[in-house]
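2 protein chains.
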Amino acid sequence: MQVPLDGLPERVTIYEVGPRDGLQNEKAIIPVADKAEFIVRLADAGLRTIETTSFVHPKWVPQLADAEELIGALPGTDAVRRPVLVPNERGLDRALANGVTDIAIFASATESFARRNLNRTVDESLAMFAPVVERARAEGLWVRVYVSMACGDPWEGDVPIEQVVSVARRVMDLGCSQLSLGDTIGVGTPGQVTALITALAEAGIGPDRLAVHFHDTYGQALANTLAALRAGVTVVDASAGGIGGCPYAESSTGNLATEDLVWMLHGLGIETGVDLEKLAATSRWMAGRLGRPSPSRVVQALSP
Amino acid sequence: MQVPLDGLPERVTIYEVGPRDGLQNEKAIIPVADKAEFIVRLADAGLRTIETTSFVHPKWVPQLADAEELIGALPGTDAVRRPVLVPNERGLDRALANGVTDIAIFASATESFARRNLNRTVDESLAMFAPVVERARAEGLWVRVYVSMACGDPWEGDVPIEQVVSVARRVMDLGCSQLSLGDTIGVGTPGQVTALITALAEAGIGPDRLAVHFHDTYGQALANTLAALRAGVTVVDASAGGIGGCPYAESSTGNLATEDLVWMLHGLGIETGVDLEKLAATSRWMAGRLGRPSPSRVVQALSP
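As you go down the protein sequences, you meet chains H and R in turn.
Reminder that position 268 of the first sequence reads as 268 in this note's numbering, one-by-one numbering, no gaps.
Reminder that position 87 of the second sequence reads as 87 in this note's numbering, one-by-one numbering, no gaps.
Pairs count within a copy or across copies, as identical chains cannot be separated in the list.
SDA-like cross-link-like pairs, simulated, lysine to any residue; straight-line CA separation at most 25 Å:
no.: 1; residue 1: 27; residue 2: 293
no.: 2; residue 1: 278; residue 2: 157
no.: 3; residue 1: 278; residue 2: 34
no.: 4; residue 1: 278; residue 2: 155
no.: 5; residue 1: 27; residue 2: 292
no.: 6; residue 1: 278; residue 2: 156
no.: 7; residue 1: 278; residue 2: 185
no.: 8; residue 1: 27; residue 2: 118
no.: 9; residue 1: 27; residue 2: 303
no.: 10; residue 1: 278; residue 2: 154
no.: 11; residue 1: 27; residue 2: 69
No wet-lab data here; the hints were simulated from the structure.
Bear in mind that the values here come from a model prediction, so they are computed numbers and not experimental data.
The shape of chain H in the complex, shown without the other chains:
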């Protein structure tokens, strides 16, 4: 039943992260042909932005060691944007050499996570990103930046909103086009999300330049998404079938499942362009490849 709600957008762009953020955080290593099929099927289900892989060093993320091979295996398309994560200048070189037109960089709102994930202070990581964004822009690339730990940090606990805004302001000043607010550990709740988006707008980063990236670790992802939509955000990250694992339990989940998001959006009469049945069938197929059931509630509920 489709019943709109006042104050929400008519259309939402889903930024699909399953092939990169999802597969990167699964134990199983999927063959390149299956990854290519996954991406082709996601596009066939109507997803128009699909983060494809990462040019991080294979030592850190063996799951995505086949980045060049995967890009080579994908059919040419103008209809689908296929951003690739780029951690540094070496990654950018690889992206440019492989004809990538959209990239994403991965920043942290906290010192603790910057140290652990990037082995740098926040200042040092921004210094590392500056030439990446500058060169990418000079080459005409579209650049997204993730700001992770935006709602909390496992080592630091609460992350003050002004700290997130400060990092966000600095990365956007480098020249990025879109900022994805990442609640990396899934602890945020709707008031915090609304306050963050409001504070970013006051700092000159309006909701038209934002995306939200919620994890369902505490079950809050869709409620937070609803709050973000009300605050004017129209780009939402999600992972087909909810893939992306979880540090806690087999049945738990990291990323918001694209299907659960689509169910809510379509129920609200919001256009996504996604064919839910095709998408869920793709996620069931990938769950078979990963050897575990999909944590998506909708994928489970729609299963024959």
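Given chain H, put chain R in place with the hints provided.
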């Protein structure tokens, strides 16, 4: 991190349904001593309304065949309300004989579910409830009514809002004090929830007399709860640990997990009186009794 959101209540009453709606829908049959311990621990965790059991015929719900014995095993208390489900006059007799002061009856918004669950038409079921409510009120009991299939029906599909309002109006006219809107199959989305609550208010049933009862089958329960809170509802049904099973998959869930609800409410700075750690510990203990992991995301995330 606590960040309030405009337009939400300062305090929410959680109507805990785990011992009745939860255990009724689990395969395992729990010994009466464990049920009593479950209820005592839920109260110790701060829950102040706990639906305890059902006086339905044991042939239909063998899981709750020990209703009298359970009530006899519970300690006396004035601090906690312990409603019991009562399907008919025979059930009411048993409730009165056992000193029950709060009861709930279970109506359906659709003919299909009334037939399957109550073996009656909607009209016939209302005729059956009328003397139950009348006698209960005459005895000074508090009466809640569930209106199930309020957001969709597995046989009929969409359920028109005016049909839900019509049934709601008729059951409330019998003299019930509270109406719990049940999205029994979990298909509803926030716009539909808002429209339903608005339509009920226009029909004279304000949000102060409503509760909401969401199932997480499609992952929508918390987003729908957020919409209901915005529409003025302050009583929310939930099941500790998300117990209550699911027709689809082991890892899926029926009822909204109380812990997932509490996480959102406390994050929004909304008082519940609940101690989340104690509650999650209780749910982990019950999951052990049921022989399967809790489907609550928060219980999983907080597990040591």
